[in-house]
Amino acid sequence: MTRDSGELLPGTFEMLMLKALSLGAMHGWGVAERIERLSGGVCEIQQGAVYPVLQRLLRRGWVVADWRSTENNRRARYYRLTASGQRQLDAEIAWWRRSIGGVDRVLRAASQEG
Amino acid sequence: MSWVHAFRERVTNLLTGRAWDRGLEEEIAHHLELETNRQIAAGCDPAVARARALARFGNPREVTDATRDERGPQLLEGGMQDLQWALRSLRKSPGFTALALFTLVLGIGAATLAFSVLDTVLLRPLAYDHAERLVFIQEKTPKRALRPASYPNFADWRDKAHAFDRVVAAQFPFGITMSPSGGSDTDPVRIELMGVSRRFFSTLGVRLAAGREFTDDEHKADAPFVVMVTYEFWQTRMGGHLPLGVLRSGDDVAQVVGVLPPNFQFIAPSDVFHPLERGAGTVRSAHNYMVVGRLAQGTRLESARAEMTALSKSLFATYGNATEAEDAEVRPLRDYVVARYRTMLAVVFGAATLVLLIACTNLISAQLARGWAREREVVIRAALGASRGRLIRQLLVESVLLVGAGAAIAAVLAAAAVRVVRAIGAGLVPRLNELTVDGRVFGFVGIVALVTAMLVGVYPAVRLARGDAGLVLRSTRGSANTVQTSVWRLLVGFEIALAVVLLVGSALLIQTLHNILTADTGISTHGVVTATISARGEAIGRIEQLRDELRHLPGVESAALADRLPFAWGNRSAPVRRPGDPVDHDWVAFAGFRVVTPEYFPVLRHPVLRGRGFAESDRAGAPLVAVISPGIAEKLWPGLDPIGRTIATNYLFDKWLTVVGVVAEASNWSMPRGSQNEIYVPLAQHPTATEGQFVVILKTAGDPHTLFAPVRARLRELAPNSPAQISTLDDRIARSAADRRFAMLALTVFGAIALTLAAVGIYGVIWYIVTTRTHEIGVRMALGATAGNVQREILGGAVAMAAGGILVGSIGGVFATRYLQATLYGVSRLDPTTYIVGGLVALLAALIGAFVPARRTSRIDPMISLRTEA
Numbered sequence: 001m002t003r004d005s006g007e008l009l010p011g012t013f014e015m016l017m018l019k020a021l022s023l024g025a026m027h028g029w030g031v032a033e034r035i036e037r038l039s040g041g042v043c044e045i046q047q048g049a050v051y052p053v054l055q056r057l058l059r060r061g062w063v064v065a066d067w068r069s070t071e072n073n074r075r076a077r078y079y080r081l082t083a084s085g086q087r088q089l090d091a092e093i094a095w096w097r098r099s100i101g102g103v104d105r106v107l108r109a110a111s112q113e114g
Numbered sequence: 001m002s003w004v005h006a007f008r009e010r011v012t013n014l015l016t017g018r019a020w021d022r023g024l025e026e027e028i029a030h031h032l033e034l035e036t037n038r039q040i041a042a043g044c045d046p047a048v049a050r051a052r053a054l055a056r057f058g059n060p061r062e063v064t065d066a067t068r069d070e071r072g073p074q075l076l077e078g079g080m081q082d083l084q085w086a087l088r089s090l091r092k093s094p095g096f097t098a099l100a101l102f103t104l105v106l107g108i109g110a111a112t113l114a115f116s117v118l119d120t121v122l123l124r125p126l127a128y129d130h131a132e133r134l135v136f137i138q139e140k141t142p143k144r145a146l147r148p149a150s151y152p153n154f155a156d157w158r159d160k161a162h163a164f165d166r167v168v169a170a171q172f173p174f175g176i177t178m179s180p181s182g183g184s185d186t187d188p189v190r191i192e193l194m195g196v197s198r199r200f201f202s203t204l205g206v207r208l209a210a211g212r213e214f215t216d217d218e219h220k221a222d223a224p225f226v227v228m229v230t231y232e233f234w235q236t237r238m239g240g241h242l243p244l245g246v247l248r249s250g251d252d253v254a255q256v257v258g259v260l261p262p263n264f265q266f267i268a269p270s271d272v273f274h275p276l277e278r279g280a281g282t283v284r285s286a287h288n289y290m291v292v293g294r295l296a297q298g299t300r301l302e303s304a305r306a307e308m309t310a311l312s313k314s315l316f317a318t319y320g321n322a323t324e325a326e327d328a329e330v331r332p333l334r335d336y337v338v339a340r341y342r343t344m345l346a347v348v349f350g351a352a353t354l355v356l357l358i359a360c361t362n363l364i365s366a367q368l369a370r371g372w373a374r375e376r377e378v379v380i381r382a383a384l385g386a387s388r389g390r391l392i393r394q395l396l397v398e399s400v401l402l403v404g405a406g407a408a409i410a411a412v413l414a415a416a417a418v419r420v421v422r423a424i425g426a427g428l429v430p431r432l433n434e435l436t437v438d439g440r441v442f443g444f445v446g447i448v449a450l451v452t453a454m455l456v457g458v459y460p461a462v463r464l465a466r467g468d469a470g471l472v473l474r475s476t477r478g479s480a481n482t483v484q485t486s487v488w489r490l491l492v493g494f495e496i497a498l499a500v501v502l503l504v505g506s507a508l509l510i511q512t513l514h515n516i517l518t519a520d521t522g523i524s525t526h527g528v529v530t531a532t533i534s535a536r537g538e539a540i541g542r543i544e545q546l547r548d549e550l551r552h553l554p555g556v557e558s559a560a561l562a563d564r565l566p567f568a569w570g571n572r573s574a575p576v577r578r579p580g581d582p583v584d585h586d587w588v589a590f591a592g593f594r595v596v597t598p599e600y601f602p603v604l605r606h607p608v609l610r611g612r613g614f615a616e617s618d619r620a621g622a623p624l625v626a627v628i629s630p631g632i633a634e635k636l637w638p639g640l641d642p643i644g645r646t647i648a649t650n651y652l653f654d655k656w657l658t659v660v661g662v663v664a665e666a667s668n669w670s671m672p673r674g675s676q677n678e679i680y681v682p683l684a685q686h687p688t689a690t691e692g693q694f695v696v697i698l699k700t701a702g703d704p705h706t707l708f709a710p711v712r713a714r715l716r717e718l719a720p721n722s723p724a725q726i727s728t729l730d731d732r733i734a735r736s737a738a739d740r741r742f743a744m745l746a747l748t749v750f751g752a753i754a755l756t757l758a759a760v761g762i763y764g765v766i767w768y769i770v771t772t773r774t775h776e777i778g779v780r781m782a783l784g785a786t787a788g789n790v791q792r793e794i795l796g797g798a799v800a801m802a803a804g805g806i807l808v809g810s811i812g813g814v815f816a817t818r819y820l821q822a823t824l825y826g827v828s829r830l831d832p833t834t835y836i837v838g839g840l841v842a843l844l845a846a847l848i849g850a851f852v853p854a855r856r857t858s859r860i861d862p863m864i865s866l867r868t869e870a
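Protein chains in written order, with the working numbering: chain A, 1 to 114; chain B, 1 to 870.
Fair warning: there could be bad hints in the mix.
These stretches of chain A come out as covered by chain B in the derived footprint (C-beta under 8 Å, 3 or more residues) [claimed, not checked]:
#1 19 to 29
#2 37 to 51
#3 55 to 64
#4 67 to 79
Here are some chain B residues the structure puts well away from chain A; computed CB gaps all over 12 Å [what the hints assert, rightly or not]:
#5 LEU87
#6 ASP159
#7 ALA346
#8 ARG370
#9 ARG577
#10 GLU717
#11 VAL790
#12 GLY796
With beta-carbon atoms standing in for the labels, derived distance ranges [claimed, not checked]:
#13 B:ALA803 with A:TRP95: 58 to 66 Å
#14 A:TRP95 with B:GLN84: 35 to 43 Å
#15 B:LEU450 with A:ASP104: 54 to 62 Å
#16 A:GLU14 with B:GLY446: 40 to 48 Å
#17 B:GLN84 with A:SER69: 29 to 37 Å
#18 A:TRP67 with B:GLN84: 24 to 32 Å
#19 A:GLN46 with B:PRO94: 34 to 42 Å
#20 A:SER99 with B:GLY446: 51 to 59 Å
#21 A:GLU14 with B:ARG38: 20 to 28 Å
#22 B:ASN37 with A:ARG80: 18 to 26 Å
Derived from the structure by calculation, the hints contain no laboratory data. For each residue, glycine too, the CB sits at the ideal point set by N, CA and C.
Okay, chain A solo, but in the shape it has when bound (with noise of 0.2 Å):
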């Protein structure tokens, strides 16, 4: 069975996110693309899923939202990180460090041992 290219690991969205607004507030669109952009195109994503996730960010204080005027003259939702949202993207971009690393290495060993 092979992996959908496009198919995010599970837990890593919320991550993304974090990651994409630590960049500077944007709108919900702008997350999606941010993320896809930034990706390379590897981390396609469903766009509207971006919205649920956002919502709770925002439910858990990590982000804020308010209306501004884009670069269009159109009304948008931004969303700005906050300070412990800045905090729980450091610890799981460190979590993620950390079992990237244990995977690597298990990989890697597994390789020596066969």
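Given chain A, work out where chain B should sit, using these hints.
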């Protein structure tokens, strides 16, 4: 401060749900626009750019739902949406909705009615000011028996006790004939007259509807005759006019000075009140007064008790056995008024609770079944991102909606049914004439509805939400139903168990009532018509003439006269003594007292055990004679022949009577055998001993009720000034079993409802099994099973379900009927026949409930059912 943001977000969500929704809509629209533009910029054909944007976005509806689910609790807006969802889903299955409402209305309605009765009779304070300070005081004999007070004892309590603001008394009422003025007819009417002591009504805290209370002067023995009347008497008999009119009784004219408030009743029903000092008793052993004390502000019941005990002891020390009261019992007035009915009302309320439980169980199983039927829908929605919490909430809202509607309908119906209960119950249970549905009852309905909604809503919702999605998605329709229906079967078995408890209870009460009505009273009550006539001051010859006239009415076989009805023991009981017994104390025996004509014993087939009954020769001037019941003989002359001995009763103070006969005890079920000694004397020898009241006793071979009209017509001709109360002895016995009849009616109605609901429950489970197993049944029929085979198997399953319930219910009945113990008469609460019959009735209901859906199997076409399966 992340929690500040979080909190603000929540509050904003809570308050601005609609605005929030519009905001999300705008965000999504904007999003799609931006994505469409990007697709075009990337070289996509503008015609399909929008569709591609949508494809990348996903279903906006699902996104909205999923986002909303992330928002946490939404009281206002989300609630509205759930409500709409629930309404839609209820409308989609009108059959279920109607059945659920029917079930709920029955259950909640029964509980509401039972509560309003319980509340009115037991819980609400009496309709007096500061009724909690009113206490009822009785004499307590050395043998711990409770008796009403005598006048001298009451007077001592009133004058010497400090625990009370006031102590007042009322005499047991007696019948008298009076002609009211002011009304449309001034014909004499028979009324119940009650004597009351000074400031009786103001002590109770009664607010008069009109006029005033008696003045202290009017309470003097030689004061002019004044009376107060009940509101009902004033309205129906005196036209409700002001100024208040008069009542005439012979040459006496009584001015009406006051009118009591509507529904006033003090223990014994009466119409007219007069100052009792006009005829106050002087004998310390004549127990004719109901005494009420109003506790002084801040005085506790215990200290009042202690003082009354001390006071009684000192009175006993002074007067010795003449008072018979060594101690006094002090208890809240309300307790005294309703004490007899406490257990019975608790039983009725318990029965209603069982009905409600059954209704809840029915609804729980129906919701479960609906849940299973919708499981795929639910699982698919969950897969699309609807959170389980949201699903639970929606199912809960549906239950709350159902229960709310059911409770509302039940409350309205209960308010209407209260009139019926009041009409049926007013004569059977005290205070039921006050029955209303008020705020407290509606509050009760609210609480019941809440608990019901919790019971009905939470379990199915949680169970459904916990359901294994994978299982459901993989499974073909309904193959999981073995697990599911096992829960359901359990619930239905539980319903049947509850119904059996109610059936057993009502069957026991039906037998009790039957036993009371057919109990051996020692006399023959069949075909006996009694006409009670007030004829104060009439010559005895006139009364005898009246009897003879009635004796000649067609259908009348024989007739007799007495001063009181058989079984009307009332309070007329006095010491009897032998020659040489001291007058004032050391009474050996007590006895009721009856004045009768010689035909009395033969007409009532009252057996004469020794000696003779009365004869025409026992007339004035002849030796004074008496007939006694065996109890007196045993007490006064144990082991000796009482015939020819002499006896006296306080009712005929210094007259010595020769015992000429002993008659069997005439026993009423309500009185334990052996306790009602009677002494009978001939009317001809004591024409003035009757207190102006006579009962003509007529015996007929036919239906006694057919005699009512001719007797009434003849009496109106012969004695227009003496209105009569006509009844049959059997009816009077039935009336004396009134409270049991009320409990029996309630339990029977509730039992029938319970049985219906249980049958509906069985119908539901069998219907579900049949419809969800159409495929399996089709396969089996294709393999050669007949519809009959399948039906027998299904009915067998129903019988197994019912049998379990019946067994559990019978065991429950053994425990539950303990509360009926005191109410039962002539039947054991463990009577095996009752349990067997109750079980069979429940089984029959189960079979009927199962048979209707089971028949559907015969319409199953194997080929079609095989093809319908996905």
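Verify that the Cβ of ARG577 (chain B) lies farther than 12 Å from every Cβ atom of chain A, and report whether the claim holds or is violated.
Holds, because the least Cβ-Cβ distance between ARG577 (chain B) and chain A comes to about 93 Å, which exceeds 12 Å.
Status of the stated non-contact between ARG370 (chain B) and chain A (beta carbon gap over 12 Å)
holds (28 Å)
Look at the Cβ atoms of ASN37 (chain B) and ARG80 (chain A) and judge whether their distance stays inside 18 to 26 Å.
Because 24 Å falls inside the window, the suggested range holds.
Examine the stretch 37 to 51 of chain A for residues whose CB is less than 8 Å from any CB of chain B, and state whether their number is three or more.
holds (count 5)
Take a look at whether the Cβ-Cβ distance between GLU14 (chain A) and GLY446 (chain B) falls inside 40 to 48 Å.
Check passed, 44 Å falls within 40 to 48 Å.
Return holds or violated for the Cβ distance of GLN84 (chain B) and SER69 (chain A) against the range 29 to 37 Å.
The hinted range 29 to 37 Å holds for GLN84 (chain B) and SER69 (chain A), with Cβ atoms some 35 Å apart.
Confirm or reject: ASP159 (chain B) is not an interface residue toward chain A, with every Cβ-Cβ distance exceeding 12 Å.
Holds, since 77 Å exceeds 12 Å.
Minimum Cβ distance from GLY796 (chain B) to chain A greater than 12 Å, as the annotation requires:
Given that every Cβ of chain A is farther than 12 Å from that of GLY796 (chain B), nearest at about 49 Å, it holds.
Cβ distance range 54 to 62 Å for LEU450 (chain B) and ASP104 (chain A), holds or violated:
Holds, at about 57 Å.
Taking the beta carbons of SER99 (chain A) and GLY446 (chain B), is their distance inside 51 to 59 Å?
Once the Cβ atoms are compared, 54 Å apart, the range 51 to 59 Å for GLY446 (chain B) and SER99 (chain A) holds.
Within 20 to 28 Å or not, the Cβ separation of GLU14 (chain A) and ARG38 (chain B)?
holds (24 Å)
Coverage of the stretch 67 to 79 of chain A by chain B (three or more Cβ within 8 Å)
Since three or more residues must qualify, the claim that chain B covers the stretch 67 to 79 of chain A holds, with 5 doing so at under 8 Å.
Hint violations for this structure: none, all hints satisfied.
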